[in-house]
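Undergrad: Next come the chains, spelled out residue by residue.
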Amino acid sequence: MSSRFEDFREFARDRASPLHRSAYLLCGDWHLAHDIVQETLVKVYRHWPRIRRVESPDAYVRRIMVNEVRDRWRRRERAVSVAQFATEPSVSDTTDDFARRDGLLQALLDLPLHQRATIVLRYLEGMTQGETAEVLGCSEGTVKSQTSRALTNLRKFLNGTESRL
Amino acid sequence: MNPIDEIQLSDDLHDLVADQPFTPDLGRIESRARRHRRRTLAARSLAGVTVLGVAAAGGVVATAHTGASGGTSAKVASPGKAGSSGEASPAKAETVAYVRKQITSALSPADSLIKIEENTSAVGESTSMFTNWLDPKTGNTVMFQGTGSSRLTYWEHDYYDANRVLHWDQTQVNYGPRTWFTYNMHAAGPIQGTPPPGPADESPTTEVKQLLADKNTRIVGHPYVDGHRTVELALGSPKFILTEVWADAQTYQMVQTEKFFPPKLKAPPIKAGYTYVARTAAMTKLINHPQIPAGFRQVPYGS
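These protein sequences, in sequence, are chains E and C. 55 is the number of the first residue of the first sequence in our numbering; add one for each residue after it. 46 is the number of the first residue of the second sequence in our numbering; add one for each residue after it.
No lab work stands behind these hints, which were simulated from the structure alone. Note that beta-carbon positions come from the ideal geometry of N, C-alpha and C, so glycine has one too. Treat the hints with caution; some may be incorrect.
Listing some non-contacts, in silico: residues in chain C with all C-beta distances to chain E over 10 Å [what the hints assert, rightly or not]:
#, residue
1, P66
2, A78
3, A142
4, R145
5, D156
6, T227
7, D259
8, A279
As a list, the in silico DSS-like pairs of lysine-lysine whose alpha-carbon atoms are at most 30 Å apart [unchecked claim]:
#, chain 1, residue 1, chain 2, residue 2
9, C, K260, C, K330
10, C, K260, E, K97
11, C, K182, E, K97
12, C, K146, E, K210
13, C, K330, C, K316
Please build the complete structure, drawing on both the sequences and the hints.
TA: Shown next as structure tokens:
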């Protein structure tokens, strides 16, 4: 294998887990998240000689991932199963914690994809509004409004739970 | 939602995805990417020869000569005008759907081999070329890249075995260290039903259909490229990655493709030129049967 892709391997190993976590929150299924990340990295590999030279390859790669989720959504490959997730709680979860997180995940998955992506990028990945805008290919103003709407929707969805949101 | 709530949301999201280790399957990623890339290149090159068959059915295209990009004024000749230059043809719009259909219906020039020459330049690196040969009858390819110690030859062979399980075989010869390796991946189980005829899996037919199915496909002109009057198609969104395809306006054989990247990437376009070559026994054998030079040492995959 060409040595020019050695840095791809390092990049992929380093970024795969964070991408996997974000993909899960975007699609709601760990197996689907696995497929999405694999497919994202296939696309990254194909364009690696160029991607590795851009200023912020992470933003570019996350954009590919969000587009991949969107494409699968459009192809009706949605495999959201909160019930399935609920069968695998963390051992440290208390019942209340689990119920709250279960509700949060469901509420998140009920958001439009753009709003969901905004929440994931900002509050899981810790991106700024500018970085989020770069990934989603929109203005910072759009990110701001999408974040506001998403948070409002989350609060609405979670009103019936004991969430502290 | 106040800042404290937002911190709580962030904590909750992290809790939701905690303790989920993930290791990417790099071998599969690299293999799939290379295979996809090769298939895409091959797919773009497949067109044209069977236009004669279309002519026999009374539907050959003869496009109007605009001589430059920007027009969509090609015409369709009436039945019996196969081979006409088209200037006097009755007016009928050369729509994207029509061009798509023509290319799709001409995907397997079984009497030809296809040579694809592509630049692989990246920003800050010198431009290099690779040559990819495709046998459209089998879907197999062989790629030649580099010279001297950086020379590399790479074969790819996809097929169904007797149990209807899809296999992907790759063989790579590296002339610098004088080594070679082979790698076989296969699907987890047999496909349902009978394997499709022709090349396995992501066949050129499938790929080209996917390429042309892009909803943003549009005809942007009829420029001359390498001596061919072409129909020029643009695919994809200019905001992300834009691909342009030039096909011979009369035979619909592919002439050239060029992939443009967003200005932000500051990456040069990838250009590929296509040549249709009469099938020869020697070249057919070279494409379909990996040939390891004497004295080369076999090494593990990825070495």
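Undergrad: Decide, hint by hint, whether the structure agrees.
TA: Against the structure, the hints:
1. Not every CB of chain E lies more than 10 Å from the CB of C/P66, the least distance being 7 Å, so the non-interface label is violated.
2. Chain E draws C/A78 into its interface by the beta-carbon criterion, the shortest separation being 4 Å against a cut-off of 10 Å.
3. With a closest Cβ-Cβ approach of about 21 Å to chain E, C/A142 is found to remain outside the 10 Å limit, as its non-interface label requires.
4. Every C-beta of chain E lies more than 10 Å from that of C/R145, the closest at about 20 Å, which supports listing it as non-interface.
5. C/D156, annotated as away from the interface, keeps every beta carbon of chain E farther than 10 Å; the closest lies near 31 Å.
6. Consistency note on C/T227: stated as away from chain E, and its beta-carbon is indeed over 10 Å from all of that chain's, at 13 Å minimum.
7. Every beta carbon of chain E lies more than 10 Å from that of C/D259, the smallest distance being close to 12 Å; the non-interface claim holds.
8. For C/A279, the condition that its CB be more than 10 Å from all CB atoms of chain E holds, with the nearest at approximately 19 Å.
9. Between C/K260 and C/K330 the CA atoms are separated by roughly 39 Å; this puts the pair beyond 30 Å, and the hint is violated.
10. For the proposed pair C/K260 and E/K97, the alpha carbon gap of about 20 Å is at most 30 Å, so the pair holds.
11. Restraint check for C/K182 and E/K97: the C-alpha separation of about 27 Å stays at or below 30 Å, so the hint holds.
12. For the proposed pair C/K146 and E/K210, the alpha carbon gap of about 49 Å is over 30 Å, so the pair is violated.
13. Taking the CA atoms of C/K330 and C/K316, the gap is about 27 Å. The hint holds against a cut of 30 Å.
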